[in-house]
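Colleague: Residue numbers (our numbering), protein chains in the order written: chain A, 813 to 1193; chain B, 155 to 769; chain C, 435 to 479.
None of these hints come from the bench; they were simulated from the model.
Take these hints with a grain of salt, some might be off.
[Claimed, not checked] In silico EDC-like pairs for lysine to aspartate or glutamate, Cα to Cα no more than 16 Å straight-line:
hint, chain 1, residue 1, chain 2, residue 2
1, A, K932, B, E761
2, A, K932, B, E732
3, B, K316, B, E328
4, A, K1136, B, D266
5, A, K932, B, D266
6, B, K752, A, D1083
Just so we're clear, the structure is a prediction, and the values are computed from it rather than from any experiment.
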Amino acid sequence: MDILSTIWLAAMAGVTAAHWLAPEKLRSWVLPGLTAALLGWLSPLTLAFLLLAILLAWGSQRLAHSGPAIALAAMLQLAPVIAWRLNAQVPLPLIEGIAIPLGLSYLALRGMHYVLEAYKGTLPRHELADTAGYFLFLPTITAGPIHRFAPYLADQRRLRWNAALFSEGLERILFGYVKVTFLANVLIDTHFVGWIDAHHTAQSATHTYLTIVAKGLNGYLQFAGYSDVAIGFARLLGYRVMENFDRPLTKPNVQRFWGAWHMSLTSWCRDYVYTPVFSLTRARSLGILASMAVLGLWHEFTLRYLAWGLYNGAGIVAWHQWRKLAGERLERQLLDKPALARAWQVLAVLLTVHFIFLGFVLVQHPSLSEAVATWARLLGL
Amino acid sequence: MSKLNAAILGAFEQHRRKTYMIGTSELTYAELEADVAALAAFLRAKELAGERLLVLTGQDRALLTTFYAAQLSGVTIAILDPKAPAAELATLIEAAQAKAIVADSEVIERLDAAGALAQIAVRLPVGAEAAPKKGGFRLFGGAKPAAATPADDFAGTIAAHKGAALEAVPVDEEAISYILFTSGTTSRPKGVMISHRALNAQMCTFVKNYGLGADSKVMNLLPFHHTDGLTQGAVMSLYAGASFVRPYAFTPDVLPQMMQDLYRHAISHLVTVPSVLALTKALDSSFDTSFDYPEFRFVISTAAYLDPVLWQACEARLGMQVVNVYGLTETVCETMYCGPAAEHRRLGSVGKPIDSLAKIVDEDGNELGIEQSGELLVGGDHIMSGYFNNPEATAAVLQDGWFRTGDLAKRDAEGFYWITGRKKDLIISGGMNIYPEDVNGVLRQIPGVLDAVTFGLPDPMWGERAVSCVIVDENADPSVETIVEQFLQRASKQKLPRDIAKFESFPRGPAGKVVMAEIKALYALHQGRDEAPAGAAGDVGAQIYSLAARVLHCAPDQLSPASEAETVAGWTSLSHVEMMLALEEEFGFKLSSREIMKFRTLGDAIEIVRKRQAA
Amino acid sequence: MYQILLDRFGQRAAYWGTMAAYALLLGLVALSFSAPAAEFRYGHL
């Protein structure tokens, strides 16, 4: 169910219309009902896993007093995605040859969020129907953002027709499609890449460099566009879903970049990986590396994604060290030199973007050795 | 015609098709106008101009219809709490010397049975509302046949005069618009008389200062027998042609509903009291975005002292502005405003007077300078005309055009006023005024109670709480439960002290007067066990703020329980870690995984440390 | 978008500016909609 498919466009229009035309008393059932119906038709397996996750999550609230029981409940939420990720590398019995259910990796993170918040005792009081509504939320099912339960419930309870929010939603969807179709697919992937291929010898340093830039920009525009469509669709239905990107390519350091790129995933890793790891080990760097490793492996269970996560984790740790040793002093010294400070700022942004884009090379090739070869080509080797 | 009546007629003329009130059902300006015209015709026919009309009803539509019809007919309206016990109401009704009454049928029956209505000839019982109330039990509350025939009751009277033209009789600016009683359960009641001039002046200030217009939506769930519910809600909305939202009266259990209804009704102004803001602290995080929508302007906090820590914590957590206002029933409603304009805002103060004069005087009436604390006097068009039939009480507070507030205050160099204490004997608990003498009077009436002393103590939820110490007859020795039960038969629940302690004797000075400082100390000793942890818990907060200020490199007064990564500039993930380590070092324990996961805001930190210390 | 234009150019310009921009963007999307999609995978596809 790609956002470029007619089925997605039809689903957005149909669900929005049904949602607002339904009598107010029934409205809270329309969206979960239609989501379930649509998934049941497109991918019954996906629906089955969703329903299972809902029941598991709801039931796990009773285990909140026990740490080990909650850990087990959280692992159960994670188990299907782990199975399919492994299946992609080593075929597993039972699920061999079966395509991964839609949005399974997002479902796992939502499920764990819900279970762990139950353990922390921060879940607002709610009914099973609210839990079901949270998981059966069509706008974010396939591509995020990994929205949180409490804000969802707040919006669900105070839902009303809001023309301003609706028009924001339409605009947001339009912006999303512009990013994906025109900017990413046509401008970057067709014309820019075409121009690179036409004017630079393949395998040359310049060609390699420009291709890395093109892929980085393409990745950002695609994903930001998908998120825009999801956030816009949620607004059409009267919900405000958390943002996923906050101009990540304008940030002056790696930490800030990851605070602005796929924010719903980064904040998930902060809350559920970094904090517990830190609490057990009291080592900040270890917490950061663990979070970024999980962030990498969430995409795929491969060495290259692990390397990519650790590469970014190491970047954040290094930035903290740099800041402690010299960065803070430098910033203070630049306080009364605005021109120099601005130049430093521009340099910092460029450095950050390059660090990130070079990191993407790790996951753009099937093997790590090819990635290293690409880096070597950049240096003309 | 008074300016007030011109404004009422103007609002009906201009906003006919608009919604005036969203109550249990919706009421348009035109519907209200038709009812008001009919009732005004009835009041004219009864020749009630210049007389007093009592109103005791829980039905907002009937109450407001009566309010506006009375204004246009030159009748003074006296609004009482329909839920108060008959004994308390009888005193007030006698004091009001009214010729007519509009009240819920069961209230009329109750008062008649107590013999409180003997003097009142014109009675309009208000029957149960036609539209069933949400969750109300009225339908099943026993099918009592109405005492009066339909044509004689409130609805029948309106129906009989339906179609009457909306008319206003000539009313002088100095005519009394309404009377609200501020005290007097057993002693001589003080009925605050507000003139047409005063009410109009206050309404104009509200509309101007709050930026009210025809697109505003005001939510106010405070009771109508208090000025904060009546004038700073229904009447000011009518002045602006705005809508007034009041689907239910406030009780702590409607708080979640209220927070959700803000967005649902696109409320622009919420008028409430500090205790309600304090209650929001208990709401879970799904309510954090309750005020996050473009139509919302600000919260108005009225009727009681707003603790600056609570003030700041609410603003930080809920992302809205709280406008703290100060006033008394005697100044119609308010006289100073801390906001919304930035130049009127100073956290912790009551802001500056608007359309009002203020000065601070010493014991001898000499005006004091900057930063000197003394009694606050206010003046202006919005000051009351006096206490009804009580010239001594009036003379004690109204002097040369100035009203003595009884509150102690100081003015800073920039003109902000700060309330520093209270001169008069008054306890303000959850926005309700409680006069210790009233409470003592009721307690002394209870068989077995020989003497009583009541005072206020600071309270985190209610601002202040009333506490009574009593001396009981050794032979009768009534239990505290009996005293409470007996108290509630004589006075309303709001006046009931939060605690009643039995004493053998009171510490008295040479003249036989009870020494308040000593009795408070004795009471604290009596309560020793309960008071100590509260003090210690307060220290944890201060300790954590100073710790956080050190780690995060900011001033402690910038911090609140709601401070977290997003609200404090210095709080990066790095300093978050430092903050945790500092907490462990300071309090000498290791945080568990669960505690670390839970720790996001400083409020969480305080809670964690308190739990640890309690364990 | 309307709000940004409104703050700078006034109501009329903001209204028409927004409408023109929407029309332009819609046109671009319509023209590009069936263009070959670039490779994009982010954990879910």
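Colleague: Taking the hints in turn, state whether each one holds.
Modeller: For each hint, the structure was consulted:
| no. | hint | in the structure |
| --- | --- | --- |
| 1 | K932/A / E761/B | holds, 13 Å |
| 2 | K932/A / E732/B | violated, 22 Å |
| 3 | K316/B / E328/B | violated, 30 Å |
| 4 | K1136/A / D266/B | violated, 81 Å |
| 5 | K932/A / D266/B | violated, 57 Å |
| 6 | K752/B / D1083/A | holds, 9 Å |
Checked against the numbered hints given earlier, the structure breaks hints 2, 3, 4 and 5 and satisfies all the rest.
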